[in-house]
Amino acid sequence: MIVLGSHRKRGQPDLVAGTTLARVLRSAPCPVLSVSQPANRDWEDILVPVDFSLGSRHILRETLKRFPEARLTLLHAWDIPGERELGSDKEYARWRDREVERLRGQLERETDQLMSELDCVPDLELVLEQGDPLEVLLTRLRRQPPDLLALGSRGQLGRHSHITEALLSEPHCDIMLCRAW
1 MIVLGSHRKR
11 GQPDLVAGTT
21 LARVLRSAPC
31 PVLSVSQPAN
41 RDWEDILVPV
51 DFSLGSRHIL
61 RETLKRFPEA
71 RLTLLHAWDI
81 PGERELGSDK
91 EYARWRDREV
101 ERLRGQLERE
111 TDQLMSELDC
121 VPDLELVLEQ
131 GDPLEVLLTR
141 LRRQPPDLLA
151 LGSRGQLGRH
161 SHITEALLSE
171 PHCDIMLCRA
181 W
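When we follow my numbering, the leftmost residue of the sequence shown carries the number 1, and every step to the right adds one.
Hints are not guaranteed to be accurate.
To be verified - Calculated lysine to any residue pairs in the SDA-like style (CA-CA distance at most 25 Å, straight line):
1) Lys65 <-> Met115
2) Lys65 <-> Glu117
3) Lys65 <-> Val24
4) Lys65 <-> Phe52
5) Lys65 <-> Arg109
6) Lys90 <-> Arg102
7) Lys90 <-> Gln130
8) Lys65 <-> Asn40
9) Lys65 <-> Pro29
Claimed, not checked - FRET-style restraints, in silico, Cβ to Cβ:
10) His162 <-> Asp45: 23 to 33 Å
11) Asp123 <-> Ala180: 16 to 26 Å
12) His162 <-> Glu129: 10 to 20 Å
13) Arg23 <-> Glu101: 39 to 49 Å
14) Leu138 <-> Arg109: 46 to 56 Å
15) Gln130 <-> His162: 11 to 21 Å
16) Ile2 <-> Ala93: 44 to 54 Å
17) Asp89 <-> Ser36: 41 to 51 Å
18) Leu4 <-> Leu138: 20 to 30 Å
19) Arg94 <-> Arg41: 38 to 48 Å
20) Ile80 <-> Ser53: 11 to 21 Å
These aren't lab readings, by the way, just hints derived from the structure by calculation. Since we're looking at a predicted model, the values are computed, not measured. Beta carbons are placed, not taken as given, at the ideal position from N, Cα and C, and that holds for glycine.
Using the sequences provided together with the hints, build the complete structure.
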């Protein structure tokens with residue numbers, strides 16, 4: 001694992017792309033930890049955003065391997081098109097509720113499959129929240145800041161990594177980034 005300090009210019013996502021952290025992340029063969037908080041205890045509460053991608057599966061494996069005793073919260077956020085316009089329609093509400101249950105089932109199956117591949121099963125909470133993924137994540141970080149945010153990354157800061165850049169520019173906690181490939 002590579003450990004680096006956080007970006008010093010906070011609140012400026014467009015400046016993250018040229019940092020040492022960005023350069024290291026693009027080529028690191030292992031997880032990269034951006035430390036923004038003083039180290040005064042172990043990371044016990046870890047938030048892992050998941051989206052069914054290879055990257056989120058990989059970061060979950062890395063997190064479980066490196067922090068087997070930690071409490072993990074898996075957060076999946078999704079945005080449903082037309083929610084504002086159709087939210088009060090009964091048919092739409094039934095469809096939305098079925099989709100939420102389908103998503104929960106899919107995420108539970110994915111999690112169960114991954115847990116069956118591991119030797120130990122951690123303390124795990126599964127959270128599904130509707131809304132823009134970045135907004136849901138930022139709200140969660142402000143409301144219940146974890147000790148560590150474990151985030152999958154494509155290693156492409158400066159190219160299509162809006163969420164990663166926003167989180168690195170204004171860290172609410174330490175962040176572990178891990179490329180899927």
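Verification of the hints:
Distance check on the hinted pair: Lys65 and Met115 sit about 11 Å apart at the alpha-carbon level, within 25 Å; holds. Distance check on the hinted pair: Lys65 and Glu117 sit about 12 Å apart at the alpha-carbon level, within 25 Å; holds. Distance restraint check for Lys65 and Val24: the Cα-Cα separation of roughly 22 Å lies within the 25 Å cut-off, and the hinted pair is therefore satisfied. For the hint linking Lys65 to Phe52, the alpha-carbon distance of about 19 Å falls within 25 Å, and the restraint holds.
For the hint pairing Lys65 with Arg109, the CA-to-CA distance comes to about 20 Å; that is within 25 Å, so the pair holds. Annotation: proposed proximity of Lys90 to Arg102 holds, straight-line Cα distance about 18 Å (limit 25 Å). Between Lys90 and Gln130, the direct Cα distance comes to roughly 18 Å. Compliance with the 25 Å bound is thereby established for this hinted pair. Using a Cα cut-off of 25 Å, the hinted pair Lys65 and Asn40 holds, with the two alpha carbons roughly 22 Å apart.
Among the hinted pairs, Lys65 with Pro29 is consistent with the structure: their alpha-carbon atoms are about 16 Å apart, no more than 25 Å. Distance hint check for His162 and Asp45: the Cβ-Cβ separation is about 25 Å, which falls inside the suggested range of 23 to 33 Å. Between Asp123 and Ala180 the CB atoms are about 25 Å apart, so this pair conforms to the stated range of 16 to 26 Å. Distance hint check: the CB atoms of His162 and Glu129 are about 18 Å apart, consistent with the given range 10 to 20 Å.
For the hinted restraint 39 to 49 Å between Arg23 and Glu101, the CB-CB distance of approximately 43 Å keeps it satisfied. The supplied range of 46 to 56 Å is broken by Leu138 and Arg109, whose beta-carbon atoms lie about 28 Å from each other. Between Gln130 and His162 the CB atoms are about 19 Å apart, so this pair conforms to the stated range of 11 to 21 Å. The supplied range of 44 to 54 Å is met by Ile2 and Ala93, whose beta-carbon atoms lie about 47 Å from each other.
For Asp89 and Ser36, the Cβ-Cβ distance of about 44 Å falls inside the hinted range of 41 to 51 Å, so the restraint holds. Between Leu4 and Leu138 the CB atoms are about 22 Å apart, so this pair conforms to the stated range of 20 to 30 Å. The hint said 38 to 48 Å for the Cβ distance between Arg94 and Arg41, and at roughly 46 Å that hint holds. For Ile80 and Ser53, the Cβ-Cβ distance of about 19 Å falls inside the hinted range of 11 to 21 Å, so the restraint holds.
Going down the numbered hints, you'll see the structure goes against just number 14.
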